[in-house]
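Participant: Sequence:
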Amino acid sequence: DEKRKGEERLSSIFNSQAGSSPLSSSYTILRPGGLEEPKKNEILGPSALEISQGDVLAGIVSRADLAEVTVELALSNVANLRNTALELYYTDSVQPCEGRFKPLLSNGAIPRLHGDTYEELFRDIQPNIDFY
Numbered sequence: 450d451e452k453r454k455g456e457e458r459l460s461s462i463f464n465s466q467a468g469s470s471p472l473s474s475s476y477t478i479l480r481p482g483g484l485e486e487p488k489k490n491e492i493l494g495p496s497a498l499e500i501s502q503g504d505v506l507a508g509i510v511s512r513a514d515l516a517e518v519t520v521e522l523a524l525s526n527v528a529n530l531r532n533t534a535l536e537l538y539y540t541d542s543v544q545p546c547e548g549r550f551k552p553l554l555s556n557g558a559i560p561r562l563h564g565d566t567y568e569e570l571f572r573d574i575q576p577n578i579d580f581y
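Residues 450 to 581, numbered by the numbering used here, are exactly what the sequence shown covers, in order.
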């Protein structure tokens, strides 16, 4: 699909610049869940959020939380956030992207990352996770 082609192209561009400074030539693809504002337009914060990788799980997330996570990712110097892609949504809204991924919700094959702080939420993100 077109999303996959675009992400592969982005990855190849940055990978071709591997000889330059890793800080200036890295990417993080953030795939937010469906954008839905909670009744109160509040930032629920990291403890309400879940991150997964592989483009198999999704959910909803508010624009406020998406904006805050985007800033936290951009300001972070953590190496595991470079050259990777991740999905972001509220833990209580998680669902498989396609029916064939439904078993992955319960069998633990896909790590579902949580944390009370952004540092904890981002800690176990893996670089270069491919699609399932």
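Source of the hints: derived by calculation from the structure; they are not laboratory data.
All residues carry an ideal CB built from backbone N, CA and C; glycine is no exception.
Check the hints yourself; a few may be wrong.
Unchecked claim - Listed below are the simulated EDC-like cross-link pairs for lysine to aspartate or glutamate, each with C-alpha atoms no more than 20 Å apart in a straight line:
no. : residue 1 : residue 2
1   : K551      : D565
2   : K452      : E547
3   : K454      : D541
Unchecked claim - Restraint-style ranges between C-beta atoms, simulated for each label pair:
no. : residue 1 : residue 2 : range
4   : L493      : A523      : 31 to 37 Å
5   : R561      : I478      : 14 to 20 Å
6   : I492      : K454      : 17 to 23 Å
7   : A523      : L554      : 26 to 32 Å
8   : E547      : Q575      : 34 to 40 Å
9   : R561      : A528      : 18 to 24 Å
10  : N490      : N556      : 32 to 38 Å
11  : E457      : T519      : 18 to 24 Å
12  : Y476      : N556      : 26 to 32 Å
13  : E547      : A523      : 25 to 31 Å
14  : P576      : N490      : 16 to 22 Å
15  : N577      : T519      : 16 to 22 Å
Participant: State for each hint whether it applies.
Facilitator: Now the hints, each set against the structure:
| no. | hint | verdict |
| --- | --- | --- |
| 1 | K551 with D565 | 26 Å, violated |
| 2 | K452 with E547 | 15 Å, holds |
| 3 | K454 with D541 | 30 Å, violated |
| 4 | L493 with A523: 31 to 37 Å | 20 Å, violated |
| 5 | R561 with I478: 14 to 20 Å | 18 Å, holds |
| 6 | I492 with K454: 17 to 23 Å | 33 Å, violated |
| 7 | A523 with L554: 26 to 32 Å | 30 Å, holds |
| 8 | E547 with Q575: 34 to 40 Å | 21 Å, violated |
| 9 | R561 with A528: 18 to 24 Å | 22 Å, holds |
| 10 | N490 with N556: 32 to 38 Å | 36 Å, holds |
| 11 | E457 with T519: 18 to 24 Å | 22 Å, holds |
| 12 | Y476 with N556: 26 to 32 Å | 30 Å, holds |
| 13 | E547 with A523: 25 to 31 Å | 30 Å, holds |
| 14 | P576 with N490: 16 to 22 Å | 33 Å, violated |
| 15 | N577 with T519: 16 to 22 Å | 20 Å, holds |
In the structure shown, a violation is registered for the earlier hints numbered 1, 3, 4, 6, 8, 14, in ascending order.
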